[in-house]
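**Q** Listed below are the residues making up each chain.
Protein chains: 4
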Amino acid sequence: MDYESLKSPTSFLKLMLGDLPDGVVFREYETWWEAEGKEISASVDREGTPWLRMYDVFGTRVDEILYPPAYWSMLRNGYRAGTVWRLFECGSLVPSYLLGYLTAFYDTGLYCPYTVSLSTAIPLAKYADVQVRSRYLPLMLRKDDTAWQGATWMTEAAGGSDLGAGVETIAEPAGVHWVLNGEKYFASNAGAELAVVAARRAGAPANVRGLSLFLLPRYREDGSLNYSIRRLKDKIGTRSVPTGEVELHDSQAYLLGKAEQGIYLILETLNISRVANSIGSVALMQRAIAEALDFAQHRTAFGKPVVEHPLLRQQFEERVCLLQGAFALAWETVRLLDEVWQETPHYSERYHLFRLVAHLAKYWTAEQAVLAAKWAMEVHGGMGVLAEYGVERWLREAMILPIWEGTPHRQILDGLEVMQRKQAHELLFRHLAPYAASQDLEETAAQVEALLALPQDEREARAEPVFRQLAIFSAETLQRRLEKVAGVEVHLE
Amino acid sequence: MDYESLKSPTSFLKLMLGDLPDGVVFREYETWWEAEGKEISASVDREGTPWLRMYDVFGTRVDEILYPPAYWSMLRNGYRAGTVWRLFECGSLVPSYLLGYLTAFYDTGLYCPYTVSLSTAIPLAKYADVQVRSRYLPLMLRKDDTAWQGATWMTEAAGGSDLGAGVETIAEPAGVHWVLNGEKYFASNAGAELAVVAARRAGAPANVRGLSLFLLPRYREDGSLNYSIRRLKDKIGTRSVPTGEVELHDSQAYLLGKAEQGIYLILETLNISRVANSIGSVALMQRAIAEALDFAQHRTAFGKPVVEHPLLRQQFEERVCLLQGAFALAWETVRLLDEVWQETPHYSERYHLFRLVAHLAKYWTAEQAVLAAKWAMEVHGGMGVLAEYGVERWLREAMILPIWEGTPHRQILDGLEVMQRKQAHELLFRHLAPYAASQDLEETAAQVEALLALPQDEREARAEPVFRQLAIFSAETLQRRLEKVAGVEVHLE
Amino acid sequence: MDYESLKSPTSFLKLMLGDLPDGVVFREYETWWEAEGKEISASVDREGTPWLRMYDVFGTRVDEILYPPAYWSMLRNGYRAGTVWRLFECGSLVPSYLLGYLTAFYDTGLYCPYTVSLSTAIPLAKYADVQVRSRYLPLMLRKDDTAWQGATWMTEAAGGSDLGAGVETIAEPAGVHWVLNGEKYFASNAGAELAVVAARRAGAPANVRGLSLFLLPRYREDGSLNYSIRRLKDKIGTRSVPTGEVELHDSQAYLLGKAEQGIYLILETLNISRVANSIGSVALMQRAIAEALDFAQHRTAFGKPVVEHPLLRQQFEERVCLLQGAFALAWETVRLLDEVWQETPHYSERYHLFRLVAHLAKYWTAEQAVLAAKWAMEVHGGMGVLAEYGVERWLREAMILPIWEGTPHRQILDGLEVMQRKQAHELLFRHLAPYAASQDLEETAAQVEALLALPQDEREARAEPVFRQLAIFSAETLQRRLEKVAGVEVHLE
Amino acid sequence: MDYESLKSPTSFLKLMLGDLPDGVVFREYETWWEAEGKEISASVDREGTPWLRMYDVFGTRVDEILYPPAYWSMLRNGYRAGTVWRLFECGSLVPSYLLGYLTAFYDTGLYCPYTVSLSTAIPLAKYADVQVRSRYLPLMLRKDDTAWQGATWMTEAAGGSDLGAGVETIAEPAGVHWVLNGEKYFASNAGAELAVVAARRAGAPANVRGLSLFLLPRYREDGSLNYSIRRLKDKIGTRSVPTGEVELHDSQAYLLGKAEQGIYLILETLNISRVANSIGSVALMQRAIAEALDFAQHRTAFGKPVVEHPLLRQQFEERVCLLQGAFALAWETVRLLDEVWQETPHYSERYHLFRLVAHLAKYWTAEQAVLAAKWAMEVHGGMGVLAEYGVERWLREAMILPIWEGTPHRQILDGLEVMQRKQAHELLFRHLAPYAASQDLEETAAQVEALLALPQDEREARAEPVFRQLAIFSAETLQRRLEKVAGVEVHLE
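Residue numbers (my numbering), protein chains in the order written: chain A, 1 to 493; chain B, 1 to 493; chain C, 1 to 493; chain D, 1 to 493.
For the record, the hints were derived by calculation from the structure and aren't laboratory data. Please read these numbers as outputs of a predicted model, since none were measured by experiment. Treat the hints with care, as some may be off.
No copy labels: a pair is met if it fits in one copy or bridges any two.
As the list claims (entries may be wrong) - Computed list of lysine to aspartate or glutamate pairs in DMTMM-like fashion (alpha-carbon distance at most 20 Å, straight line): (1) 304 x 168; (2) 14 x 34; (3) 304 x 458; (4) 7 x 317.
Input sequences plus hints: build the corresponding full structure.
**A** As structure tokens, this is what we get:
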């Protein structure tokens with residue numbers, strides 16, 4: 001490939017996937033970003049955390065988020081392009097994730113609202129009562145600037161990984177509604193018109209079985225605020241999504257699915273975001289490499305553009321290779337999720353395969369995104385650490401990727417679990433076998449088996465190198481498959 | 001060792017080095033940081049880039065840097081403790097670098113003023129005319145709050161690595177002074193009373209041979225500003241050192257050493273900082289690990305402190321092991337520099353050995369500092385990306401370390417050069433042989449030889465993995481030597 | 001007087017009052033401000049609203065206010081000097097208000113914590129149960145850096161003037177404590193260890209008779225937070241006092257005085273602050289004039305210092321004259337309050353006289369402070385509107401003065417009320433008669449009588465010019481009295 | 001009038017002036033502001049001073065001003081509407097100043113770029129060589145988004161009033177160009193494509209006679225930057241116009257008019273801005289009153305909207321009356337300037353009349369703008385001092401109005417001068433006689449004559465009250481004339 005393809009997300013997607021779905025507006029979307037969106041995105045980042053106007057000037061609680069007006073047009077543009085509604089029109093997740101890739105190439109944080117809106121629309125479509133569904137889903141699927149946004153709020157102050165202990169919000173039935181009381185501590189897309197919220201049923205056990213999933217509108221039937229935003233968090237990156245602390249005081253909510261299956265619904269919801277995290281990580285990787293490339297082509301040292309210095313050129317080739325592998329791995333999670341997203345408990349083997357690949361991809365792509373962003377700063381030298389040029393922005397944005405949707409630690413342990421309980425590694429090896437060298441596959445499989453045979457504490461302690469190796473093996477194998485499809489070969493002209 | 005030692009830089013230094021030099025106030029210095037300095041440092045970081053008051057209210061140029069007053073007391077405290085004057089009292093660099101380690105543990109950026117002051121005092125002592133030396137050196141060695149600061153300004157807008165082409169500042173002789181005209185683009189410790197500055201002699205060739213080194217006071221003889229600060233750079237970290245763009249308009253300066261030997265003096269100066277960069281990197285690594293440890297000891301998930309989870313515990317053990325290796329490698333640069341810093345051109349073999357180790361250490365420790373800071377954020381989960389808790393600060397600070405004093409790319413190529421021209425790798429292998437397993441040493445040596453045998457472009461392209469392997473080998477070998485000396489063994493209680 | 005006296009608050013106080021109380025450390029306090037405090041104050045203002053750390057990194061609510069550490073030393077310095085404890089040592093309010101004058105000259109906002117602490121200590125001393133008093137008052141009167149701070153929180157979101165309707169916080173008796181639930185909207189000195197708080201007794205009427213005053217500690221008996229800070233307000237000035245929104249959830253509090261006399265206690269508390277507001281306004285006036293003077297003495301135009309231009313010189317003379325009148329009026333409120341502060345309902349005539357003078361002084365001095373600050377900016381020309389030089393700070397600080405403790409509108413109407421109900425104007429005319437020209441007094445009295453004779457709506461509509469005239473007349477008359485005492489005569493040398 | 005007219009600048013203009021010029025898009029322009037501009041303006045103010053990117057990432061000087069992209073669309077909208085080009089199409093200044101009034105109602109600072117562009121286009125049209133004029137003027141008069149901007153830079157660090165001594169920039173002839181060297185200290189609309197600049201001819205006397213006026217393009221013929229921006233000033237308001245310090249290093253410029261008439265051309269230029277300052281002041285007054293009105297209509301206290309409280313209602317009526325007077329005075333400067341702007345030295349009596357009215361209007365309207373903004377804050381009570389609600393913004397914006405284009409001090413002295421030298425007061429009294437009560441006119445005239453009869457120092461010292469009285473008299477008289485024309489009568493419904 002011509003390295004110039006790295007500077008365009010659409011071009012890179014075409015290169016990797018061959019054709020893109022018909023009828024989706026990739027080029028138009030990218031053109032808008034280049035013409036207008038990039039500058040808006042840079043100015044939103046520069047301005048920092050938006051203000052939260054909690055009360056209007058008359059003392060009425062309003063919880064208005066004060067972004068510059070251009071933010072809202074940037075945000076609305078992605079909804080119009082179809083980051084959410086296309087799923088329900090096409091019956092496939094592919095357009096959403098592709099548009100997500102483009103979004104994340106230009107603004108990592110902005111991909112979050114679309115993701116959590118999708119993660120709201122899906123359980124609403126799958127699990128809500130018919131009345132609730134018919135009332136709210138069409139609002140989310142509007143194709144104009146009035147589409148409602150969603151949000152997915154699970155984490156509380158006591159922590160994010162250990163949901164069984166960490167969720168202290170209590171839900172009590174009250175007629176058609178349930179009534180929720182509690183707090184959410186990392187509430188992405190605070191201000192959304194709808195949120196899906198994890199809560200513990202009053203009197204239920206203090207573990208994951210006590211959790212249910214609810215749909216929570218921003219306003220009560222009487223027009224009053226149904227949740228309040230205590231404050232917006234001052235994050236170092238992803239300023240295009242307002243992340244808040246949310247308080248629920250007798251908030252009205254609708255139960256989604258069966259009460260006692262809540263934990264499954266919660267995990268389904270997180271899966272959608274986890275895939276988006278991988279896609280966003282790869283897009284950010286591409287962006288960081290593209291920025292580095294552009295700089296290296298124009299910066300001269302020792303008489304020639306620095307991109308022509310052999311060591312730097314070598315580094316580019318290696319990064320691009322990692323990018324392609326990371327893309328192949330992330331893309332596989334999209335393909336698999338697209339097959340299984342309509343499943344409900346109990347799940348198929350394909351679903352468990354998806355889970356393992358999703359953990360591997362989340363782990364590996366986020367890591368690579370951070371390293372690519374760090375490297376892009378180094379390529380820029382002293383310019384890289386100045387706020388002025390925004391190169392450092394990609395590292396700030398990237399650092400959220402290994403943390404959101406579960407840290408590396410969490411991915412490894414959850415990956416271990418699905419291997420132990422569901423033999424997902426065997427499913428994976430079968431899945432990859434057609435494209436893998438058999439010796440590599442056998443060696444990797446042997447490492448995994450050896451790990452799983454250890455006593456629990458030791459198994460956990462020693463899991464990381466094996467998990468990493470499994471991720472690399474999967475990425476490289478899937479990349480090989482993609483190349484067969486699309487005939488990609490990348491090299492520096 | 002007890003992991004608690006990781007929380008104190010003095011304790012860790014004692015653990016690694018056995019005894020620390022007598023008569024140096026390590027504990028007192030650390031106690032001050034814990035009682036007062038930490039909070040000051042956090043508030044300076046929080047406040048962001050200081051203001052530059054270019055003119056007073058009457059329109060007179062003053063270039064005053066508006067830090068909060070506590071900054072100045074924090075800064076002065078390190079000079080009083082002896083970050084500079086102890087070199088000239090003890091005849092050894094060891095106390096300076098040890099105090100630098102403590103400083104960098106608490107405030108990475110603040111170590112910079114001490115480093116560049118040391119890098120000013122040394123060439124002033126070695127190369128200035130006796131009158132210049134006797135006039136200015138005592139001002140830098142004052143033990144009270146009036147000690148003058150130094151600064152070392154080489155880089156210009158055209159770039160930092162390629163000094164031969166990049167330095168466009170012109171120096172012309174004018175009686176006792178030279179007169180300099182030009183700009184410096186990344187001028188650390190802007191506002192210093194003295195700076196050593198690279199400039200090209202008028203009419204000299206446009207390569208490194210045309211450069212000389214000068215001593216530039218802040219004020220002219222008549223009291224007017226001798227350089228002006230165009231602006232302070234808005235860096236993402238190290239806000240405790242003001243980095244500016246500096247303009248020289250007919251600035252008065254004194255030649256240091258012989259005019260045509262300038263490039264050697266410049267490189268000597270950078271060596272001092274490069275060693276400090278390694279020391280600071282290791283200190284920051286320790287700090288990041290200490291923060292992660294403190295959090296993991298107190299944060300509970302799944303019924304126990306997260307530090308007791310096997311996978312996280314394993315990660316701690318690996319990080320501490322890397323920390324010890326990085327320390328051993330960095331410390332070796334201090335020891336070697338302490339032997340050779342008084343040399344002048346032409347240099348001994350020992351000096352070339354030092355150069356290679358310094359490149360390896362700069363490369364490896366900065367990389368490890370970034371990775372440790374990134375990991376500490378991940379250990380903190382969502383808290384890690386909030387400005388509020390300052391965990392993210394260590395990554396912001398760390399990102400300057402691979403870039404200041406030459407990027408990884410630069411270290412590798414300069415390391416290659418000293419191996420090719422001076423056979424420094426052979427000196428290194430001889431140096432390490434007593435502590436290394438002979439098979440490891442031979443394998444590493446073979447890799448290096450194979451690399452050096454390649455044609456230049458290929459040699460450069462393939463250098464990174466070999467250079468990394470050489471750094472790891474050196475770090476592990478030197479760690480083994482330290483352990484023999486200090487009997488260190490670290491494990492989690 | 002020598003205009004140089006305008007540059008020192010102590011000198012100006014001596015000039016106006018003759019001798020200052022023995023044993024109070026005015027000069028030392030001023031010296032500290034000049035040497036250290038000024039720079040700290042400027043940096044606190046520059047940094048903007050402090051951060052509120054609501055939760056520690058483990059998710060525990062802490063509501064910590066993140067000022068730079070120097071803030072706390074600046075704050076503590078005033079408590080040590082005796083802004084609060086001297087009242088209880090000397091039995092006179094004079095030292096407190098004099099130290100307040102000095103404080104406000106250097107940092108208007110910082111005078112607020114001392115004022116509200118005093119306004120907490122006084123009702124605690126006068127109205128608390130003996131056990132509550134003996135437990136808490138000594139903590140407020142410590143002479144070292146551990147003195148507890150107070151705060152006075154009345155206003156809620158529905159508004160500040162109309163307390164009868166605006167206070168919605170509910171208090172219910174619960175054993176030794178009362179339990180409070182509600183919110184306070186402009187809570188100055190948020191974070192104070194003690195606050196006096198207005199609340200409505202459960203079931204009491206929705207007017208001022210339903211209000212009581214309570215003492216609210218920051219921590220409950222069990223160590224938990226007794227109130228929470230929802231956020232700190234982003235004010236344009238007075239950044240040296242954290243103003244927050246405070247939430248009371250089952251907060252423990254002690255009743256002060258008799259439940260049904262609450263409104264009287266509330267007004268007593270506000271009186272103390274109102275006097276401080278006048279004192280602070282005059283101090284800020286002096287500061288603004290001093291800054292303008294310093295600039296005008298050193299700035300040259302048309303060949304001479306601008307202070308020597310006749311028109312500017314004339315403006316200085318007029319400002320100084322206004323300053324002296326404003327001081328005399330404000331000072332009279334101190335003298336009168338010092339006579340009556342120990343009264344409890346029902347109050348003496350002297351108390352009602354005090355009330356009228358306090359309304360006049362609050363109205364007039366705050367207005368003059370704003371105008372002086374505005375004028376000082378104009379004297380500085382273009383420099384006046386730059387954040388860099390801090391001249392504009394005095395206007396930002398000043399603008400709070402007409403608003404805090406009741407807007408001009410409020411002062412006028414409350415002044416009208418005390419004249420109508422208590423004939424306070426007659427008391428005032430009698431009080432001023434010895435120093436006033438009898439014709440002026442008669443004319444002013446006639447205007448007041450004519451106003452009071454109007455129907456209510458018309459009386460209110462036409463009150464402002466009469467009230468202003470009464471303020472000017474009082475200020476000029478009291479200034480004449482002071483001059484007799486201190487022999488002051490100010491003119492430009 | 002219905003008070004609601006106060007909320008719309010177009011409605012208020014119609015009320016005051018009867019019909020507005022045909023074919024100008026007042027309603028459309030206002031509609032855009034209400035729909036989009038207001039939010040953009042608020043976000044630009046919130047974001048603070050824009051960043052100046054001095055160098056691109058490759059180290060090339062670019063001096064790019066980093067406003068959010070919406071700023072540029074807001075700015076361009078006003079040029080499209082015709083703030084500049086309509087003068088040259090209609091031959092009248094009226095449309096420009098009316099559009100300026102609308103602009104300033106919404107964003108005081110934004111009116112500045114249009115004003116200085118107009119103040120550039122006029123001398124370019126009147127005084128430039130035909131080639132220069134035909135090359136540059138059409139670029140300024142484009143009706144699309146590519147119109148060039150202008151700027152007028154006179155003031156240097158030594159001060160603004162005393163141009164004779166303060167301008168140290170030196171101009172030397174160099175063929176078709178002149179070459180300028182020096183600095184401009186308050187350079188409004190830094191970044192403009194064209195600037196008119198005052199400079200001293202090399203060798204010319206150090207007084208106003210040595211000054212000439214030049215046209216300075218942003219780029220040299222060879223495409224390089226012709227001036228550099230040293231920094232943008234951090235003003236407390238008017239953030240919609242970038243005000244910088246500008247450096248001229250061998251900058252190419254074109255002489256405007258005759259070299260020795262420079263001071264006249266400078267004063268002509270300043271006159272255009274001075275009128276705009278008055279128009280902007282009145283617009284800001286209206287805005288502040290409108291904000292206060294809206295609040296007072298919706299805020300309730302003591303059982304009714306606060307606007308219905310008699311005292312506040314009275315304050316509104318007085319403010320509106322002052323507004324109408326201020327408008328009438330400011331509008332008279334527009335009418336007079338529209339008659340005389342094409343004059344060149346030597347000027348007519350009408351021109352001198354204009355000058356006096358312009359000084360009176362600048363003085364009086366700016367003062368009233370500040371007082372109205374201050375009062376609007378007081379009406380809002382505690383909300384008024386919070387950055388969150390932007391009420392305080394109008395005071396920050398207003399404070400520049402008495403300072404820009406000459407402080408009150410300057411207006412008074414320059415007003416005195418034109419009365420003494422040109423008997424402009426007599427012209428004024430004749431001008432106003434038809435609308436004034438003859439007794440008022442005679443009294444005012446007598447005061448002026450008495451003042452002018454004093455020795456100079458005393459005359460200056462005593463000038464302010466007379467000048468104020470003259471302004472009030474003129475405002476009231478001109479208001480009476482306007483009422484006759486438009487039949488305005490304003491009262492609260």
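**Q** The structure should be examined with respect to each hint, and the outcome stated for every one.
**A** Each hint tested on the structure:
Taking the closest pair of Cα atoms, residue 304 and residue 168 come within 20 Å of each other only across two copies (18 Å); inside a single copy the shortest separation is 61 Å, beyond that limit. Taking the shortest Cα distances, residue 14 and residue 34 sit within 20 Å of each other inside one copy (18 Å), while across copies they are farther apart (43 Å). Taking the closest pair of Cα atoms, residue 304 and residue 458 come within 20 Å of each other only across two copies (17 Å); inside a single copy the shortest separation is 52 Å, beyond that limit. When the C-alpha separation of residue 7 and residue 317 is checked against a cutoff of 20 Å, the pair qualifies only within one copy, where the shortest distance is 15 Å, while the shortest distance between copies is 40 Å.
Taken one by one, the earlier hints all hold for this structure without exception.
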